[in-house]
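Protein chains in written order, with the numbering used here: chain A, 19 to 273; chain B, 330 to 621.
Keep in mind that a hint or two might mislead.
Stated by the list, open to error - Using C-beta positions, here's what the derived DEER-type ranges look like: (1) T344/B <-> F210/A: 45 to 53 Å; (2) T344/B <-> D33/A: 39 to 47 Å; (3) V511/B <-> Q169/A: 30 to 38 Å; (4) L194/A <-> S471/B: 15 to 23 Å; (5) L94/A <-> E450/B: 31 to 39 Å; (6) T103/A <-> E450/B: 36 to 44 Å; (7) G222/A <-> D494/B: 48 to 56 Å.
By construction, these hints were calculated from the structure, which means they are not laboratory data. Beta carbons: idealized from backbone N, C-alpha and C, even for Gly.
Residues per chain, in single letters:
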Amino acid sequence: MSLEFLEAFKFLKKDTFLHNLDPRSKLLFSIIISISALLFDEIVPLFLILLNLIPIIASGRLIKKWLKSVRGLTFLFIIIIILNTFFYDFSHAISMILRITIMVSAFSIFFLTVDPNDLALSLISMRVPYEYAFSFSLAFRFVPTIAREAQNIQDAQQSRGYEMQTSGIINQIKNLFPLLVPLIICSIKRAFNVAEALESRAFGSQKERTFLYTIKFSIKDWIFTIYLLLFLMLAIYVSFNFSLMPEWLMWSLPV
Amino acid sequence: MVIEIIDILPKVSATNVEYTYSNSTLALKDVNLSIMKGELVAIMGKNGAGKTTLIRTFNGLIKPSKGNVLIDGKNTSSQTIAELSKKVGIIFQNPMHQLFSNTIEEEIKFSLKNLDLSEEEIQTRTDNILKNFNLEKYRKRSPLSLSGGETKKLAIATIFCRNPDILVFDEPTLGQDAREIVFFTNLIKEEMDKGKTIVIVTHNIEFAMQHVPRTILMADGGIIADGPTRSVLNKEFLADKTSLILPQITQFNRALQEIGIQCPPNINSRNEMIMFLKKHLKSMGIKTKEEA
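Make the full structure from the sequences, and use the hints.
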């Protein structure tokens with residue numbers, strides 16, 4: 019599996035409609051899109067949901083990054099195709115690939131466009147205790163570090179002759195161990211180091227905090243939220259009355 | 330005849346190499362260099378100068394956006410990383426980035442299994458490398474149980490066991506104690522005696538002054554100086570440009586000149602300085618302890 023998909027979770031500062039939205043409306047977007055994807059098992063509605071994402075991704079000038087992240091999931095897609103074709107049918111496998119793509123895309127839009135600091139503020143405004151909000155935003159902030167570390171690990175292993183792209187599913191799974199084990203070990207070590215560094219700077223000594231910046235729901239956030247709620251209502255309606263829908267919506271592959 | 334031609338060819342050569350990262354950072358610009366068989370070269374420069382990017386082009390981890398990198402006369406862009414890693418062994422800065430096996434022995438064997446060797450050959454090479462690196466007693470221990478210095482040693486061993494012609498070290502002395510640096514220095518000497526070509530990326534100016542005959546200085550993705558270490562590192566304007574501190578011997582030399590002792594500028598080693606000071610004291614009629 020290529021580690022390129024981690025690129026899709028690196029925050030990039032840009033001045034676009036999507037970047038300027040409140041983190042809470044973007045979190046709602048990711049959740050609603052994911053719920054909508056879970057409501058359907060058929061190719062056409064899932065494809066329509068994915069199609070609906072494209073203009074939103076384009077508005078954030080993120081098409082290239084998004085395509086890269088989807089390409090990075092090729093290995094997962096292969097596993098999905100094999101397992102689903104074996105236990106169900108090929109059509110179901112394609113539906114599952116579309117579902118995964120939608121969910122990864124929805125959350126990658128969130129991670130690519132939300133500043134870690136704003137994320138903590140939005141969680142606090144939702145009454146999440148500061149310690150938890152801070153931990154979450156910290157984990158989020160470390161995504162680029164982990165992505166860079168994953169690349170370094172891959173380079174270090176390739177320098178000792180390790181070949182990633184070998185044939186056979188079992189070999190490909192086995193191939194992940196030289197990458198994942200060092201990555202997990204380094205991440206755990208870093209987590210301990212960060213915890214110690216925070217504690218040595220008296221983290222948590224003040225219960226009441228004030229913030230330099232605050233976040234605010236603007237008109238465009240309300241419009242976006244209304245659009246999302248309408249979208250969810252439509253998805254629920256279509257899903258619960260699916261048998262009454264036009265036949266083309268139920269189309270599936272003949273295999 | 331063929332062997333002679335290979336010996337004349339540079340082991341590593343780069344011509345007009347440029348590399349741009351996906352975020353549009355120009356990491357290498359117009360890099361030209363040539364490293365011959367048996368040379369020991371240091372690459373120095375401040376953080377972000379392009380040193381690590383440059384060494385990553387040697388085994389094809391990075392393919393230049395422009396220009397060519399040749400290893401033994403063959404272009405890296407026409408070879409896979411697996412093929413190149415048989416000739417070029419890069420030892421990365423953080424040893425934790427490559428250790429994943431249950432035991433140290435398995436960690437070494439992982440590097441060898443990628444070489445199409447017989448089981449016997451793999452075992453022999455593993456035994457030899459563990460012995461040479463004093464890691465034999467830890468053979469069945471987890472790589473994670475080793476100390477920082479020993480982990481670095483193991484990371485070096487995992488590359489040395491593959492016996493590549495070109496060895497590239499990224500910050501080998503970083504976080505190492507004096508004894509570990511001596512071990513590393515001896516290791517370098519042994520490999521030089523075997524005719525290996527060695528490239529060391531380092532910030533350790535004293536190490537380079539003492540042990541490395543040639544230094545390449547990098548700044549902003551380009552090479553700004555390439556020559557004998559002593560002359561390259563003694564130039565103040567180059568040191569300023571690359572955030573390097575002048576070698577202690579040069580600083581001492583300048584301090585002597587400031588207080589009126591005319592010290593020859595070509596003094597570059599501890600022994601040469603002791604000789605000069607003895608002569609100077611003698612001219613002033615002061616006897617050293619050993620003369621007295």
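Checked hints:
1. For T344/B paired with F210/A, a C-beta distance near 46 Å keeps the hint of 45 to 53 Å intact.
2. Range check, T344/B to D33/A: about 40 Å between beta-carbon atoms, so the 39 to 47 Å window is met.
3. At roughly 33 Å, the beta carbons of V511/B and Q169/A sit within the given window of 30 to 38 Å.
4. Distance hint check for L194/A and S471/B: the Cβ-Cβ separation is about 20 Å, which falls inside the suggested range of 15 to 23 Å.
5. At about 37 Å, the beta-carbon gap between L94/A and E450/B stays in the expected band of 31 to 39 Å.
6. Range check, T103/A to E450/B: Cβ separation about 42 Å, and the 36 to 44 Å hint holds.
7. For G222/A and D494/B, the hinted distance range of 48 to 56 Å is satisfied, since their beta carbons lie about 55 Å from each other.
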